[in-house]
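There are 2 protein chains.
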Amino acid sequence: MRIAIPLFDRFTALDAVGPYEVLKFLPEAEIVFVAAESGPVRDVPTWLAITADATFNDVGSCDVLLVPGGPGSRALLGDDQLLAWIRRMHQESTWTTSVCTGSLLLAAAGLLTGLSATTHWAAVDVLESFGATYTPDRVVFQGKIVTAAGVSSGIDMALELAARIADQTTAEAIQLAIEYDPQPPFDAGSLAKAPQPAKDLLSKGLRRFERTQ
Amino acid sequence: MRIAIPLFDRFTALDAVGPYEVLKFLPEAEIVFVAAESGPVRDVPTWLAITADATFNDVGSCDVLLVPGGPGSRALLGDDQLLAWIRRMHQESTWTTSVCTGSLLLAAAGLLTGLSATTHWAAVDVLESFGATYTPDRVVFQGKIVTAAGVSSGIDMALELAARIADQTTAEAIQLAIEYDPQPPFDAGSLAKAPQPAKDLLSKGLRRFERTQ
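Sequence order for the protein chains is A and B. Be aware that the first sequence starts at 28, since it is given in our numbering, and climbs by one per residue. Be aware that the second sequence starts at 28, since it is given in our numbering, and climbs by one per residue.
So here's chain A without its partners, still in its complex pose (with noise of 0.2 Å):
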């Protein structure tokens, strides 16, 4: 089964790696990171590298797609090659996923028009501008298509797949593996939960490299 995972400039590390942890342990994946050229990819802020092991014209099919997100995604929206080799994907996959600002890439691709998909919450604009309906789940299933909310959610996701994909005790057993017992100090994961001044600096920017996603 493999399962390819996308690099592009400026992409969001988590959003890839979370679910990443999870899938390597289903008894039958092959996991690879692919790029428009092979070696390492940058995030934002270039702190982190992942290496890309194949180029797009490598794989031309997999079981499993999924397309991580990150402040790198609205410059693709318009990339021919890589919309290209999306829908090339998702013409044979077993499941189509997305994580955070991913699902904007499925969505530019004509993947998502006329469906429910979710995506990171400050996002909302743009993936409903491709014709998708934002719905804010934390992960949400249309069929093939399995779209996840802003870069942590992947891992949710994840869990889910790798039950449908195997089985539930499998899916608990990768859970127990990587001991994913959440405990989150605090109670601000979402627009709905985080207090006000929390959202007040946010959007005044934490950082130079912003906007975030």
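Careful: at least some of the hints might be erroneous.
Because identical chains cannot be distinguished in the list, a pair is counted as satisfied if it fits within a single copy or across any two copies.
Calculated lysine to aspartate or glutamate pairs in the DMTMM-like style (CA-CA distance at most 25 Å, straight line) [claimed, not checked]: (1) K226 to D194; (2) K231 to E57; (3) K226 to D80; (4) K231 to D194; (5) K171 to D85; (6) K171 to D90; (7) K226 to D106; (8) K171 to E155; (9) K220 to D106; (10) K231 to E55; (11) K220 to D194; (12) K220 to E119; (13) K226 to E57; (14) K226 to E55; (15) K171 to D106; (16) K220 to E155; (17) K231 to D107.
Since the hints were derived computationally from the structure, they do not count as laboratory data. Small disclaimer: the values here were computed from a predicted structure and weren't measured.
Dock chain B against chain A, hints included.
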């Protein structure tokens, strides 16, 4: 504020990337991945590589040391170069931290003797063999030393660290930025919670690259 994350062959990517994705938002943070040699460092099962941009010789001190774990950590419990570097970082650090079996490396460096600490649940015996007392908490603070449990726990640790380094509102803003509102589909993330069939499956080894941590 320099944050140094050492990498080594057969590390676990989420151990490093989870807290990285939180701490990178801290206004003063600069994060560097470090290894014995610069260049890509492979995880298990070699499908993922993160680039080390500096060598241990390049980094003479840091404010925050964050040591990830992974199956490769056990091969380094007698590695003089790495352990000496960890001790050197600890001398001037504000925070010395670990995720998963990264705590075995802190312990082997002599930093946890007589302290309470945590690690991946499958590595308790090794941790205690170095004179630490295992505590099944997700995050354990002992002065400036902070250890986190298996793999995904680094996200929780990093949010708490962010609050202490900056303030709670900043940590909450980061939590919102990464939309960390965890909703695992199953409740199997600790030994106390996982159903017996999942434990049995994991103990048999899900994949050829087990042991997993």
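For each hint, the structure was consulted:
Within a single copy, K226 and D194 get their C-alpha atoms only as close as 39 Å, which misses the 25 Å cut-off; across copies the closest is 14 Å, which meets it. For the homomeric pair K231 and E57, the shortest alpha-carbon distance between copies (20 Å) is at most 25 Å, but the shortest distance inside one copy (41 Å) is not. In the homo-oligomer, the alpha carbons of K226 and D80 never lie at most 25 Å apart, since the shortest distance is 38 Å inside one protomer and 33 Å across protomers. Taking the shortest Cα distances, K231 and D194 sit within 25 Å of each other only across copies (16 Å), while inside one copy they are farther apart (44 Å).
Within a single copy, K171 and D85 get their C-alpha atoms as close as 24 Å, which meets the 25 Å cut-off; across copies the closest is 47 Å, which misses it. Only within a single protomer do K171 and D90 lie at most 25 Å apart by alpha-carbon distance; the minimum there is 11 Å, versus 46 Å between protomers. Taking the closest pair of Cα atoms, K226 and D106 never come within 25 Å of each other, the shortest separation being 32 Å inside a single copy and 45 Å across copies. Within a single copy, K171 and E155 get their C-alpha atoms as close as 20 Å, which meets the 25 Å cut-off; across copies the closest is 46 Å, which misses it.
For a Cα distance limit of 25 Å, the shortest separation of K220 from D106 qualifies neither inside one copy, at 35 Å, nor across copies, at 45 Å. In the homo-oligomer, the alpha carbons of K231 and E55 lie at most 25 Å apart only across protomers (16 Å), although the nearest pairing inside one protomer, at 45 Å, exceeds that limit. In this assembly of identical chains, the alpha carbons of K220 and D194 lie at most 25 Å apart only when taken from different copies (18 Å versus 32 Å within one copy). Neither within a single protomer nor between protomers do K220 and E119 lie at most 25 Å apart by alpha-carbon distance, with minima of 39 Å and 37 Å respectively.
For a Cα distance limit of 25 Å, the shortest separation of K226 from E57 across copies, 23 Å, qualifies, whereas the shortest one inside one copy, 39 Å, does not. When the C-alpha separation of K226 and E55 is checked against a cutoff of 25 Å, the pair qualifies only between copies, where the shortest distance is 20 Å, while the shortest distance within a copy is 42 Å. For a Cα distance limit of 25 Å, the shortest separation of K171 from D106 inside one copy, 24 Å, qualifies, whereas the shortest one across copies, 47 Å, does not. Taking the shortest Cα distances, K220 and E155 sit within 25 Å of each other inside one copy (23 Å), while across copies they are farther apart (39 Å).
Proximity of K231 to D107 under the C-alpha cut-off of 25 Å is found in neither arrangement, the shortest distances being 33 Å within a copy and 45 Å between copies.
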